[in-house]
Amino acid sequence: MKVKVATKILEANDRIALENRKIFDHAGVFVVNLMSGPGAGKTSLLEKTLSGRKDLRIGVIEGDIAGSDDAERVEKFGAPVVQINTGGACHLDSNMIADVLGDLPLGEMDVLFIENVGNLVCPAEFKVGEDMKVMLLSIAEGHDKPLKYPLMFQESSALILNKIDLLPHTDVDIGKIKRDALSLNPKLKIFEVSCRTGQGIEAWVDWLGEQLKKR
Amino acid sequence: MHEASIAASLLEIVSGQCRRSGYSRIESIHLKIGRASGIMTDALIFAFEALKEGSVAKEAVLEIEEVPVSGHCSDCNNTFTTEQEYILSCPCCGGGSFRMTAGREMDVIDMEVS
Numbered sequence: 000m001k002v003k004v005a006t007k008i009l010e011a012n013d014r015i016a017l018e019n020r021k022i023f024d025h026a027g028v029f030v031v032n033l034m035s036g037p038g039a040g041k042t043s044l045l046e047k048t049l050s051g052r053k054d055l056r057i058g059v060i061e062g063d064i065a066g067s068d069d070a071e072r073v074e075k076f077g078a079p080v081v082q083i084n085t086g087g088a089c090h091l092d093s094n095m096i097a098d099v100l101g102d103l104p105l106g107e108m109d110v111l112f113i114e115n116v117g118n119l120v121c122p123a124e125f126k127v128g129e130d131m132k133v134m135l136l137s138i139a140e141g142h143d144k145p146l147k148y149p150l151m152f153q154e155s156s157a158l159i160l161n162k163i164d165l166l167p168h169t170d171v172d173i174g175k176i177k178r179d180a181l182s183l184n185p186k187l188k189i190f191e192v193s194c195r196t197g198q199g200i201e202a203w204v205d206w207l208g209e210q211l212k213k214r
Numbered sequence: 000m001h002e003a004s005i006a007a008s009l010l011e012i013v014s015g016q017c018r019r020s021g022y023s024r025i026e027s028i029h030l031k032i033g034r035a036s037g038i039m040t041d042a043l044i045f046a047f048e049a050l051k052e053g054s055v056a057k058e059a060v061l062e063i064e065e066v067p068v069s070g071h072c073s074d075c076n077n078t079f080t081t082e083q084e085y086i087l088s089c090p091c092c093g094g095g096s097f098r099m100t101a102g103r104e105m106d107v108i109d110m111e112v113s
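Listed in order, the protein sequences are those of chains A and B.
So the first sequence is numbered by numbering that gives the first Met the number 0: it starts at 0 and just counts up by one.
So the second sequence is numbered by numbering that gives the first Met the number 0: it starts at 0 and just counts up by one.
One should not assume that every hint holds.
Looking from chain B toward chain A, a few residues come up when the C-beta cut is under 7 Å (computed) [stated by the list, open to error]: (1) L9; (2) I12; (3) E82; (4) Y85; (5) V112.
List time: in silico DSSO-like cross-link candidates among lysine-lysine, alpha-carbon distance up to 30 Å [unchecked claim]: (6) K213/A <-> K53/A; (7) K7/A <-> K31/B; (8) K31/B <-> K53/A; (9) K147/A <-> K31/B; (10) K175/A <-> K186/A.
Please keep in mind that the hints were generated in silico from the structure rather than gathered at the bench.
C-beta: ideal position from N, C-alpha, C; glycine also.
Please model the complete structure; the sequences and the hints are all you need to start from.
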């Protein structure tokens, strides 16, 4: 006997993401899903953002397969932080986020960063209840990345090109990264930064502040 | 790369429906997977085969219908279907003002049960 199912496979994830979103809206916290490949500088960007916007109350959820190094780095800035260990999963999903929301003082926060597992592929597929997705690409990863991993570039509101101080030492064509990223997503806002030297961080944190006001 | 999570969600969806409706065995499951969904069908089948053991779907076969990428371009007003997985410009006029209308599906359509 044939029976209809007519269900989107990711429907359960999307439903929980929507519930997370209601909790965030009720608490009045702006949520950024921060994504990149491993080592692009997500935690370094958080450190710079925390020290660059001391006026904002920022909390962090750290997602890693194992370990708590990132949470310890962020905690030094006095930010409330929760570490999720996915135990092998290559991305955070909405249920993992729902499980830890009770551990954060959401009502006393302006911004919550969810630092996803380092991976250019899967995190883009799973909504967690965020207001926006922001991705990092370190320029040494190469100018072929937008066309090789298009979904993350399509889903993100902003692209942060990190390690820009390495530009003179590489053969990377940063114009190609920008052209390809914008052809995938014409609305993408692009920043060139160096978390090491601090270059470009001000433009990023100013823009973040504007997004909060627009909400 | 996350085909195992997708296979687990799929198993949850079909097992839940069997539990609610009192079906005891699934013979086959019909899926639509878009070419731009990022899902490798071989990896999805592999993960499903591993996870279905001991479940109501233990004998189920996945019947996967691949959906090509389609879209509509507002520059040239053409509707197109392409063999490519990802498109950066309209295949008809090369413009950028197109909207994808199909190709991102990950849907369970129906199943054969007893």
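These are the hints, each one checked on the structure:
Annotation: L9/B was flagged as interfacial toward chain A, and the flag holds, the nearest CB pair being 5 Å apart, inside 7 Å. Taking 7 Å as the C-beta cut-off, the interface hint given for I12/B holds, the closest approach to chain A being about 5 Å. Violation of the interface hint for E82/B is found here, the shortest Cβ-Cβ separation to chain A being roughly 16 Å, above the 7 Å cut-off. Checking Y85/B against chain A by beta carbon gives a least distance of about 5 Å; that is within 7 Å, so the hint holds.
About 6 Å separates the beta-carbon of V112/B from the nearest beta-carbon of chain A, less than 7 Å, and the hint is met. The straight-line distance between the Cα atoms of K213/A and K53/A is roughly 20 Å, inside the 30 Å bound, and the hint therefore holds. With a C-alpha separation of about 10 Å, the suggested pair K7/A and K31/B falls inside the 30 Å cut-off, and the hint holds. Only pairs whose Cα atoms come within 30 Å are accepted, and K31/B paired with K53/A is rejected, the gap being roughly 48 Å.
In summary, the hint linking K147/A to K31/B is supported, as the alpha carbons are separated by about 24 Å, within the 30 Å threshold. Restraint check for K175/A and K186/A: satisfied, since their Cα atoms lie roughly 17 Å apart, inside the 30 Å limit.
When held up to the earlier numbered hints, the structure conflicts with 3, 8 and fits the remainder.
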